[in-house]
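Trainee: Dock chain one against chain two, each of which comes alone in its own frame, and use the hints as you go.
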Amino acid sequence: QQQVKQSPQSLIVQKGGISIINCAYENTAFDYFPWYQQFPGKGPALLIAIRPDVSEKKEGRFTISFNKSAKQFSLHIMDSQPGDSATYFCAASTKSSGSARQLTFGSGTQLTVLP
Amino acid sequence: EAGVAQSPRYKIIEKRQSVAFWCNPISGHATLYWYQQILGQGPKLLIQFQNNGVVDDSQLPKDRFSAERLKGVDSTLKIQPAKLEDSAVYLCASSLQFMNTEAFFGQGTRLTVV
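Quick note, the sequences are listed as chains R and D, same order.
The opening position of the first sequence corresponds to residue 1 in this note's numbering, with each subsequent residue numbered one higher.
The opening position of the second sequence corresponds to residue 1 in this note's numbering, with each subsequent residue numbered one higher.
What the hints contain is simulated information worked out from the structure, not anything from laboratory work.
Any given hint might turn out to be false.
To be verified - Listed next, the in silico SDA-like pairs over lysine to any residue satisfying Cα-Cα at most 20 Å (straight line):
id	chain 1	residue 1	chain 2	residue 2
1	D	K44	R	Q9
2	D	K11	D	L84
3	R	K42	D	F104
Only chain D is shown next, with the shape it has when bound in the complex (with noise of 0.2 Å):
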């Protein structure tokens, strides 16, 4: 069985700039994730999606980051514009349904704002 799989795996930008980070679920997996693991620290929920549509986004910061999942399968994390203390490893995870208890983790894109 395929894993989660995230792009790009590193990205480097300057303060202000954007960029989106792209993940796929393993196939079937209806619920998908963004956390953000700064370093040092414990993920930190940013977005959960049902299929397509958002369940909670209550720890996103709006004013910056926005996160779509399209067709309730592949899912996109966009931050405009970025701030240096945005830099962390995103990864994104996916469980079988809402109630299934247990994620699969990509391996993640860390992010570098200078």
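The shape of chain R in the complex, shown without the other chains (with noise of 0.2 Å):
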């Protein structure tokens, strides 16, 4: 119920391409969707989120879509840059006991950008 799928495990694009990062989840209490990006030896950075009350959210050449009825959420990349190598995780978050909020990642997609 808590879970978060997330494909691909791994990705490669080249340069100037667009990345495409799929999540799915179960638990309809879920109510805020963060992407992390982490680059090895560091530990995870938010890049994006959304709320279930909107489709899409754009922030530069990231895009979140959300689909509600089919509980799933993905991540475009635009113009993808070899800088954008890295990991990128999905995430959701609902309130835990307490009012207190916790996230719930997906296991990770390893992007490759090839100049």
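Mentor: See below:
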């Protein structure tokens, strides 16, 4: 019920191409969906996030598409650059006991952008 | 603004030994999280503090893991005794308050149990 499924596990894209990473969830109590970017040796850093009351959010080259009825959301990276090469995690957040919030992460996608 | 600080960066221990990790959250952040990230997987929440109280430790293996947050600031995560399957990166994160949705992560401590 708390699981977030992420695909693909790895992705190789040419410079300038579009990178697409998909996630699906089951728990309808999730109400905040962030994407985190992690470089080797670093902790995850928030990239972009969306709430289920909107279907799309765009920040620069990064766009989240959200399909509430299908319980799916995806990250699109336009004009992918070698510097985007990193591991990307989708996540979902809900209130746990005592009104505290918790993040449940997907398994990650290792993106490689070829020059 | 200084980020979440963690130490040590790397630790290698033998199984059945004990180890401790330290975390200093961003100043003023009331909520602190410890995550375990096994190679090739997403971070998994171990324990969550609000100030110096535990909010959720349901996924903490309490027979070997313990954590405390003294005075609602720094936190220590301890493993005793360590098992081979504890090899992972241990990430500390903090957020401004427990209703806040953005968590800021430290660089993590990479633990190798041999």
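Trainee: Does the alpha-carbon distance linking D/K44 and R/Q9 stay inside the 20 Å limit?
Mentor: holds (17 Å)
Trainee: Given the hinted pair D/K11 and D/L84, is their alpha-carbon gap at most 20 Å?
Mentor: Distance of about 13 Å is within 20 Å: holds.
Trainee: If you draw a straight line from the CA of R/K42 to the CA of D/F104, is it 20 Å or shorter?
Mentor: holds (12 Å)
Violated hints are absent here; each numbered hint is respected by the structure.
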